[in-house]
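Please put together the full structure from these sequences, using the hints given.
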Amino acid sequence: MASRLSLQNLTFSAVIAGFVAVLVGYTSSAAIIFQAAEAAGASVAQIGGWLSMLGLGMGVTSIGLSLYYRTPVVTAWSTPGAALLVTSLPGTSLNEAIGVFVFATGLILLCGVTGLFARLMHYIPQALSAAMLGGILLRFGLNAFTSLQSNFALAGTMCLVYLLAKRALPRYAVVMALVAGLIVAALQGDIALHGQTLTFAAPAFVMPHFTLSTIIGIGIPFFVVTMASQNAPGIATLKAHGYHLPVSPLISWTALTALVLAPFGGFTICIAAITAAICMGEDIHPDPKKRYMAAVSAGVFYLIAGVFGGSIGMVFTALPEALIHTIAGLALLGTIAGSLYRALENERQRDAAIITFLITASGVTLLGVGSAFWGLAGGVITHLILSIPARNRDKSAGKS
3 MASRLSLQNL TFSAVIAGFV AVLVGYTSSA AIIFQAAEAA GASVAQIGGW LSMLGLGMGV
63 TSIGLSLYYR TPVVTAWSTP GAALLVTSLP GTSLNEAIGV FVFATGLILL CGVTGLFARL
123 MHYIPQALSA AMLGGILLRF GLNAFTSLQS NFALAGTMCL VYLLAKRALP RYAVVMALVA
183 GLIVAALQGD IALHGQTLTF AAPAFVMPHF TLSTIIGIGI PFFVVTMASQ NAPGIATLKA
243 HGYHLPVSPL ISWTALTALV LAPFGGFTIC IAAITAAICM GEDIHPDPKK RYMAAVSAGV
303 FYLIAGVFGG SIGMVFTALP EALIHTIAGL ALLGTIAGSL YRALENERQR DAAIITFLIT
363 ASGVTLLGVG SAFWGLAGGV ITHLILSIPA RNRDKSAGKS
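Per this note's numbering, the very first residue in the sequence shown carries number 3; after that it's consecutive.
Everything labelled a hint here was simulated from the structure, so no lab data went into it.
Please note that a few of the clues may not be correct.
[Stated by the list, open to error] Across the chosen pairs, the derived CB separations fall in these ranges:
1. F212 to D353: 22 to 30 Å
2. Q190 to R169: 38 to 46 Å
3. R121 to E323: 38 to 46 Å
4. R121 to H211: 29 to 37 Å
5. L360 to T89: 38 to 46 Å
6. Q190 to R352: 16 to 24 Å
7. E284 to L360: 35 to 43 Å
8. G158 to L369: 38 to 46 Å
9. L214 to V181: 25 to 33 Å
10. D353 to E284: 27 to 35 Å
11. L369 to Y70: 30 to 38 Å
12. S95 to I390: 50 to 58 Å
13. G219 to F154: 27 to 35 Å
14. F154 to S95: 42 to 50 Å
Ideal Cβ positions, reconstructed from N, Cα and C, are used throughout, including at glycine.
Structure below.
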């Protein structure tokens, strides 16, 4: 029964959305994963194994959670966490690095099992979640048009094809823009596939070693950054699109998967935000309940990427940057517009929402934690402060 329903909901738009989500995920941050693995002292073969484990883990969790909840749940590695590892792991042995992964994913699992993270997310107004998502995605929308400066022929053709298709065949607008971009890039000779081969990368088990200095100095910051800059925006993305899933099971299953894969280099698996938003647009299907197959498709592409390990990352990075930026921005236009609408719709929460949006979009990093967390924190504080006078006035009116 479930299988038949799934196949009925599988559309070409969903498959392309899943592919674009994986494409954006790998091209935007695969290089950071390479750097993080190198900082830990991993060999070239081990780095391929890391990417294999991450791809397989994200594939299994994206497919499993999306089919179970019939909701587009896309998972991802923690890019902010990986960036932290790049600067924190030099001088640390590979065994100690694996120990950090096990410790941090164990803490995340504890948050999921106890329900602590779910309780915190419950108190965040939906307008602020939408504002944070809009702030996160803003730079992707802007990059689609700044690409006109670096490669006008490529980005301009993609934008024009997108607009024409949006008028005639709206569900296939992103697909046609991607095809147009690939054709122009090929004609320009900008697809650098020379010498690229697809090979299987076998994972290697590394015994974790725990030290107090690495746990305190790297493990705890890595945990905080992952929860604040990846899982929180991921859950907010689901809420902003009207998908109100139980948070604890999502956090628990992704953390448990990462905990199992950590000794093989799968340093973390989280709820995705940016790539998930690509799989939630109206272009995929008019019915939000039938968009989950886009996330399932993303999971399948993740599995393929996992099988070929580091090679697939190199293939994705062979595409021109302007193409990646433009297709990502075009795919997210509807999501950005919807996020801003939901963020500013409630007049009483508008000030808090715009502060959330601006702080998040600023890209500011404080204490090693990214702007998504600080945007949400600033919005919540603003909301609480501005709500106090209103409550006092209500009480006074009640007494009179």
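To see whether the hints hold, each was checked on the structure:
A beta carbon spacing of about 46 Å between F212 and D353 contradicts the range 22 to 30 Å that was offered as a hint. Take Q190 and R169: their Cβ atoms lie about 27 Å apart, and the range 38 to 46 Å is violated. For the hinted restraint 38 to 46 Å between R121 and E323, the CB-CB distance of approximately 41 Å keeps it satisfied. Roughly 34 Å separates the CB atoms of R121 and H211, a value that falls within the hinted 29 to 37 Å.
For the pair L360 and T89, the beta carbons lie near 27 Å from each other, so the given range of 38 to 46 Å is not met. Take Q190 and R352: their Cβ atoms lie about 45 Å apart, and the range 16 to 24 Å is violated. For the pair E284 and L360, the supplied restraint of 35 to 43 Å is violated, since their beta-carbon distance comes to about 26 Å. Between G158 and L369, the C-beta spacing of about 41 Å keeps the proposed range 38 to 46 Å intact.
Remark: the range hint 25 to 33 Å for L214 to V181 is contradicted by a beta-carbon distance near 54 Å. Under the hint 27 to 35 Å, the C-beta atoms of D353 and E284, about 28 Å apart, fit the expected range. Between L369 and Y70, the C-beta spacing of about 36 Å keeps the proposed range 30 to 38 Å intact. Separation of S95 from I390 is about 51 Å and conforms to the stated range, judged on CB atoms against 50 to 58 Å.
In this structure the hint that G219 and F154 lie 27 to 35 Å apart at CB is violated, the actual value being about 47 Å. Taking 42 to 50 Å as the suggested C-beta distance range, the pair F154 and S95 conforms, at roughly 49 Å.
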